[in-house]
Amino acid sequence: MENAIAVKDLTKHFEDVTAVDHVSFKVKRGEIFGFLGPNGAGKTTTIRILTGLLRPDEGEAFVAGFDVLKNPVEAKQRIGVVPEVSNAYVDLSAWDNLVLIGRLYGVPTQRLRENATRLLKEFGLYEVRDKLVRAFSKGMKQRLLLCMALVNDPEVLFLDEPTSGLDVESARLLREKINEYNRDGKTVFLSTHNMDEANQLCHRIAIINHGRIAAIDTPENLRAESMELQYIEVAFSKPVNQQGLLENPNITRAVTAGNKMRIYTAQPSEVIEFLVEFAKRKHLKILSLNTMMPSLEDVFLKLIKGKEAAKQ
Amino acid sequence: MSRLTEQFKRSFVIAEKNIKIYYSKGPVLIFGLVFPLFLALAYIIGRNIPLREVLPGLIGMTTFFTATSVGPSIVPWETRSKTLERLLCCPVALWTIIVGDMLSSFLFGLIISIIPLALTLVLAIEPLNFVVLLFGLIVANLCFAALSVLLSAYPPTDIPATSMMLSSLVKFPLVFISGVFIPVDQLPPWGTIIASISPLTYFTDMVRQLFLGRGFYPLALDFMAVIAFAVAFAFAAIKLHEETLAKRLS
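One line per chain: the protein sequences are A and B, in this order. With the first letter of the first sequence counted as 1, position 61 gets the number 61 in our numbering; the numbers rise by one all the way through. If you count the second sequence from 1, you need to add 312 to reach our numbering.
With the rest of the complex left out, here is chain A:
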């Protein structure tokens, strides 16, 4: 089984709204696959279908080799889920939550105790294992949710906005653990709208908007496809009139950003030569000069806006 997840023409309507519109993609085994999109793009609906919570109106979905629609229990037996909203039992202790989930997965008692102990220690919750989850901070609850998702040692881990609203320390710990888990050969399906997170963690990213996939590729390739978004950041010794720069046909846009200028171009080497000449001509000194690749955020915005413009 090469693919951990295979989705074809997945569609889900909620009354008049099409939340997911003929979405198709494959996630390879051992891959961290990012699912990136603005709020309401269809990320959570897709995860809910893949984790057996919702039935699609059309299409098919296979997780860990099992048809989610025909064999939901078999598919769910092989996954772990960290949902968008914290949903551990607040009236139970951290330990009881882990044991409950482990038993619902049919994990043998001894292995369950070992897994629960190991996970609680790894995530810094062992000392508070007997405390009710009601007393936990958001970061602690989120760490517990990840423990609960891992207690059955799943083949595929679904994470829906796992670091949303977390403090820096908890978010970093969670990212480290996701990476560690992936290094053991496990597959991660990560829904997020945090570009940095997607860039740091994911092998491939799908960008979804209005329920449709706008692009699927590696973060590097997505950026490379948007080379017109790369820019040169230059600081001159004196303020410069933008018009003078825009005379060069290779410069598509020039924007002032503090004491620097961002000069957008698809030909950075030619533009650098021009800038040096320009500085000589105008008796300016170049204080700093950097070539910047487009960020994932630039690519994301370009794709989202591009689709919206096409729609209009």
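Some clues are possibly wrong.
Here are the computed lysine-lysine pairs in the DSS-like style, where the Cα-Cα straight-line distance is at most 27 Å [what the hints assert, rightly or not]:
| # | chain 1 | residue 1 | chain 2 | residue 2 |
| --- | --- | --- | --- | --- |
| 1 | A | K28 | A | K70 |
| 2 | B | K332 | A | K131 |
| 3 | A | K138 | B | K394 |
What the hints contain is simulated information worked out from the structure, not anything from laboratory work.
Fit chain B to the given chain A structure using the hints.
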């Protein structure tokens, strides 16, 4: 078959979780303990009737109220706290969860309804057949537990108080039409017809036969009716929860 057994095992895990969380919730204690206790006291005190005569109605009423006190609140509570979603992400079918909820409701009812039964032994008011009565108590608790989970299915609310209130709207009229206060044989003909649609009628009649040796229906019919109601309620609860699940999760 092993898959089915595994799902039933997981129903017991869910029931155990419910016992830990919901038995001590305020509304459960009020509707399952305080309320039947005061209703029982109001039923007994000041009535110049031998205790043996009072017992069938008393056992019927307490069993009915206790066994239906946990079920209506679990699913709305779990919907609100999103823990229903947590359970459904696990490898369990919806029916597994519903059966787990029924089991926890059943056990609560069974434990509490043992109290009036124990009282009969303490007061040396022995039933004609203790084992049959115990069996009757078990099937009645199963039936009422299934009814209580059915009552939580519609409307698909996430407010436990709403579900509790709506279930009370069904439970109270049932108590009054089920021969608890007036035996079925003393009801007018239209009253007996109405009473026949209530599962509590058959259980009260069953207990009356086992304590007083007389009833309106044959004992076997009482048992069959309670079992039939239990199966129908359980089936309807699973189907209705399946129907309303998408709305609940939206």
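Now the hints, each set against the structure:
The suggested pairing of K28/A with K70/A holds, with an alpha-carbon distance near 21 Å, which does not exceed 27 Å. A distance of roughly 14 Å separates the Cα atoms of K332/B and K131/A; the hinted pair therefore holds under the 27 Å criterion. A C-alpha spacing of about 15 Å is found between K138/A and K394/B, which places the hinted pair at or below 27 Å, so the restraint holds.
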